[in-house]
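Undergrad: What follows is the residue order along each chain.
Number of protein chains: 2
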Amino acid sequence: MQNFDYMTPTRLIFGKGVIEKLPEVMGKYGKKVLLTYGGGSIKKLGLYDKVKELLSDFDIVELSGIQPNPKYDPSVLEGVRLCKEHNVDVILAVGGGSVLDCSKAIAAGAKYDGDVWDLISYKAFAKDALPIVDILTLAATGSEYDCGGVISRTETNDKIGYVDPHLYPVVSFLDPTYTFTVSKKQTAAGCADAMNHIMEQYFCEDATLLNDGFCEAGLKSLMINARKCLDNPEDYNARAEMMFTCTLGCNGIYALGNSESGWPCHGIEHALSAYYDITHGEGLAIITPRWMKHILSEKTVDRFVKYGVNVFGIDSSLEKFDIAEKAIQATYDFFESIGIPMHLKDVGIDESRIGEMAHHIAVNEGLENAYAPLTEQDITDILNASL
Amino acid sequence: MQNFDYMTPTRLIFGKGVIEKLPEVMGKYGKKVLLTYGGGSIKKLGLYDKVKELLSDFDIVELSGIQPNPKYDPSVLEGVRLCKEHNVDVILAVGGGSVLDCSKAIAAGAKYDGDVWDLISYKAFAKDALPIVDILTLAATGSEYDCGGVISRTETNDKIGYVDPHLYPVVSFLDPTYTFTVSKKQTAAGCADAMNHIMEQYFCEDATLLNDGFCEAGLKSLMINARKCLDNPEDYNARAEMMFTCTLGCNGIYALGNSESGWPCHGIEHALSAYYDITHGEGLAIITPRWMKHILSEKTVDRFVKYGVNVFGIDSSLEKFDIAEKAIQATYDFFESIGIPMHLKDVGIDESRIGEMAHHIAVNEGLENAYAPLTEQDITDILNASL
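For the protein sequence lines, the chains are Y and H, in the order given. Residue numbering for the first sequence follows my numbering, beginning at 364 and increasing consecutively. Residue numbering for the second sequence follows my numbering, beginning at 364 and increasing consecutively.
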């Protein structure tokens, strides 16, 4: 078991109707608010009006139009500008992981005098950040309970995940009813994203029994509840459990004391999203089984056996590589069964830039140090197998 | 799934050798320290000398002699007096759950002008508390990662568990090597205590798939690792995993969104410890299977089936009450196999005060609202079955 240093200062306020506590919570952080959101789904939900009503005696500046795979320019830069111009006290992020990730970068940038990209690319480190409160509308990334974010810079094809302990939200409001209207496509992609978060922590050199059980429970919960959400989008308990399982995804609790895995599928998928702006969860679902097949070896097979037996109930008396291959196929089949397009070509990616992407990943993602080390050639092979 | 409001601000610094960070951590909270500990095992460990060496430029006042089932008088009262007299900035608790629980009551009392017992008995509420840093030497109670404590008052046979959000330790140092010298008796009792913490959360009206998986993983981790610790007290990975599994025990993470169970075994055991000062984990191990047998019914049987199949691997094709009874027997057998005395008579408790204790429990513990409601007669029956 590895040493670790762990703290999550975020307060989770979970359940139906909890938004009524918003004014009391926000009041602790100040009156000048930057309200961040995406393309307008929060207006359809009635959530925008609700927030404005609850915060009628706050001074609110808005940043809307934050896109999936949130962009440094204009969203982060514009948010930082607004915070500085209006002396914002607190950011209220209403949306999914993209709105949250963008708001984190804004929160750090608002308290920084240099080039904000330096913070995202680890050339400089935040000494402070604005507090972030969020109201989550999509179960997927877990950004509501971690201190990381992923920001894309279009002109350089960069999509960078960065973490900074100043960036934990101070409070996350998690009301599962806000996810009732999430589309089937986004429900499935969110499930795949969260499942991959867990897998990235499960497939590692050494893991505790406790963590393995936590991860296996998380994966089973996501698969069972995602199906229920797709069958009945207003199944409260299914939406609730899916939301909370996703919330824990990147917080660390699934893997405290495990060795680092290197998060290889995320490393590869970030390039896909950066070059082609595809849905992150779909990219992960496409890459994951091909990555699994590629790294299956005498060294890794026992992890796949445990995964196959405990997550998919595969007969433990079978030969170990047989179990592992069945487990990989079951992973693929599950993603396909919830409606995810399972080939890169299905999401508009052909072979033309695979070499370029593989090179970018090999140079930037450090996957030569992953649980199963990946060279540029390995990455090329995984991408080709995913076409 | 139930609504919840959750935050744990404690920083966990886990692993071999982490104590070297102690001066840096303590320096954030001030120079005047109340060092609390128990009967001297930390001196045998060399930990006392190590702490004094690391904190050589701090101003340290000591409170030693804190007993198991920590006492209001003299320990809590004396600690409060020392804090006020010396203007203590921070408490450093070195020991197990008893030292920690006592230190929490001192931390609250030091910032309170009235009768400290009012805080423990919920007649008044803390508005502030001294910060607590701890160095854990026993895997059991989880007090290092929760905001509760249990304090005994001998003259009234009270043993009261109370929680207050001001009482989370600010930092817990968790070095598994400090538990290498824990006796077989205390290792087993710690395991039983932590297992019961999880069971108290697992046996409830409605539980999520995720929580069930977390709890089952925790129970299996504790059983497997406790055996390893008993066989080889210096098995680092076993001590480490056991310590961390215990740490999560009362923190809430095993049951966020589950309905309240009422913690019935703790309610009953607190009277045993208050009247007879027995080892808490042993009392719990004795009560648990008798409580299980007593509440087994058509209403509860499905929980026992899930428990039996997923924790003990009992054949799921058997008849449900058969599975449940096998699961209860397996629970008893496990505790017995790790050396715990499994009858009240073995720990010095006879039938003479059962009526009095059952009445005390029925009046004070609210078990009429437990998952399986318990009347004074039910409690009497469970105690008699435990003799």
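These are computed hints drawn from the structure, not numbers from a lab. Incorrect hints may appear among the rest.
No copy labels: a pair is met if it fits in one copy or bridges any two.
Lysine-lysine pairs mimicking BS3-like chemistry, simulated, CA-CA at most 30 Å apart [stated by the list, open to error]: (1) K656 x K384; (2) K474 x K583; (3) K583 x K415; (4) K683 x K379; (5) K384 x K486; (6) K391 x K548; (7) K662 x K413; (8) K669 x K486; (9) K474 x K662; (10) K379 x K689; (11) K413 x K656; (12) K434 x K689; (13) K391 x K669; (14) K415 x K591; (15) K708 x K394; (16) K394 x K583; (17) K683 x K447; (18) K395 x K656; (19) K689 x K591; (20) K406 x K486; (21) K683 x K669.
Undergrad: Run every hint past the structure and note whether it holds.
TA: Hints, one by one, checked against the model:
no. : hint        : in the structure
1   : K656 x K384 : neither (48 Å within a copy, 42 Å between copies)
2   : K474 x K583 : neither (41 Å within a copy, 47 Å between copies)
3   : K583 x K415 : neither (38 Å within a copy, 48 Å between copies)
4   : K683 x K379 : neither (45 Å within a copy, 35 Å between copies)
5   : K384 x K486 : between (38 Å within a copy, 26 Å between copies)
6   : K391 x K548 : neither (37 Å within a copy, 48 Å between copies)
7   : K662 x K413 : neither (54 Å within a copy, 41 Å between copies)
8   : K669 x K486 : neither (40 Å within a copy, 51 Å between copies)
9   : K474 x K662 : neither (46 Å within a copy, 57 Å between copies)
10  : K379 x K689 : neither (39 Å within a copy, 39 Å between copies)
11  : K413 x K656 : neither (48 Å within a copy, 50 Å between copies)
12  : K434 x K689 : neither (39 Å within a copy, 58 Å between copies)
13  : K391 x K669 : neither (47 Å within a copy, 44 Å between copies)
14  : K415 x K591 : neither (33 Å within a copy, 57 Å between copies)
15  : K708 x K394 : neither (48 Å within a copy, 63 Å between copies)
16  : K394 x K583 : neither (42 Å within a copy, 49 Å between copies)
17  : K683 x K447 : neither (58 Å within a copy, 64 Å between copies)
18  : K395 x K656 : neither (51 Å within a copy, 58 Å between copies)
19  : K689 x K591 : within (24 Å within a copy, 33 Å between copies)
20  : K406 x K486 : neither (38 Å within a copy, 46 Å between copies)
21  : K683 x K669 : both (10 Å within a copy, 27 Å between copies)
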